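A.B. asks: Residue 278 in full-length UniProt numbering is what sits at position 278 of the sequence shown, and the numbering runs on without skipping anything.
Among the hints, a few may not be true.
[Stated by the list, open to error] The following label-pair restraints were derived from C-beta to C-beta distances:
1) Pro90 x Thr307: 41 to 49 Å
2) Glu238 x Pro94: 48 to 56 Å
3) Ser242 x Ser160: 15 to 23 Å
It is worth saying that the hints were derived from the structure and are not from the lab.
Here the structure is a predicted model, which means the values were calculated and not measured.
The beta-carbon is built from N, C-alpha and C at its ideal position, and this holds for glycine as well.
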Amino acid sequence: MDALSDVFAAVRLSGGVFLDAEFTAPWCVDSKVGPEEFPDGEVPAHLIAYHYVVAGQMFVQPHGDAAVRVGAGEIVLLPRNDTHRLCSAPDLPPTPIDDRLEAPGAATPALLRLGGGGDATRIVCGYLGCEAPHNPLVATLPAVLRLEVRDSTGGAWIESAFRRAAEEFAAGGVGSAAVLGKLAELLFVEAVRRYLSSLPASHTGWLAGLQDRMVGRALALLHRRVAHPWTTEELAREVGLSRSAFAERFTSVLGTPPMHYLASWRLQLAAQRLRDSPTATAQIAFEVGYESDAAFSRAFKRAFGMTPAAWRHQSRRG
1 MDALSDVFAA VRLSGGVFLD AEFTAPWCVD SKVGPEEFPD GEVPAHLIAY HYVVAGQMFV
61 QPHGDAAVRV GAGEIVLLPR NDTHRLCSAP DLPPTPIDDR LEAPGAATPA LLRLGGGGDA
121 TRIVCGYLGC EAPHNPLVAT LPAVLRLEVR DSTGGAWIES AFRRAAEEFA AGGVGSAAVL
181 GKLAELLFVE AVRRYLSSLP ASHTGWLAGL QDRMVGRALA LLHRRVAHPW TTEELAREVG
241 LSRSAFAERF TSVLGTPPMH YLASWRLQLA AQRLRDSPTA TAQIAFEVGY ESDAAFSRAF
301 KRAFGMTPAA WRHQSRRG
């Protein structure tokens, strides 16, 4: 498994739909996934917002950034769930919508019908959630990822399935919201892969590290043999560089030294195993490279603000 797949496996995304909206121009609303979208459950530690345009077009504008046009059959994802504006044209004032939302039922996404009677736009709004607060992927993504679903290998069937699920969702089809959530997970992975392939050689960050021959090889080694007692010197030998040259290259590309990255990845992987398996904490500590349960527990609490046992309980709750 490559490093990108490792991170996706550790994150374990789960999706949901919270709004079915139909607008007519001119229109403008502010949007952000908040705790109110989870009345019956725990709010995930990290949220990724998404909007799928079923028909028409719109502009998406995160606070302080340029507006991005999104058309029918396209999905836009906001990896950090930044506050953003959805509108028929840039620079329109937003309309408050709290008192305009229709909530058919506790388990049913809200409905919104709004606008001035012009060209129509229909969107489905949802989220992807995860319980991984120290993930290297999300921090390196841009504020907005826009994906033309059909424009990719295998994209045609994903777009067709997503559109069909959106139609069933609009008709109140049983389980359609869950299907949309799962398809959104696939689209997020595809959007990240597409973004990775478009990065210039001068780009820095974790995704850029995957494309750097030396740094990418080091990342693969760290992910594949996480319990190994790595040192910077040994990693440098493995990739064919001097210690100083390797440390400088790794740090300049990823923004963190090799051993700091390894420590963070070990804790990320441990958090995944605490959540997904019944394995004892001491065994998990050993599997991710800690010599003692006590040392692991101290490091985990520093990073996550709670003990491994408390994390396990919280991540499984609900």
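A.B. asks: Determine for every hint whether it applies to the structure shown.
C.D. replies: Here is what the structure says about each hint:
no.: 1; hint: Pro90 x Thr307: 41 to 49 Å; in the structure: holds (48 Å)
no.: 2; hint: Glu238 x Pro94: 48 to 56 Å; in the structure: holds (53 Å)
no.: 3; hint: Ser242 x Ser160: 15 to 23 Å; in the structure: violated (52 Å)
Violated hint for the displayed structure: number 3, the only one.
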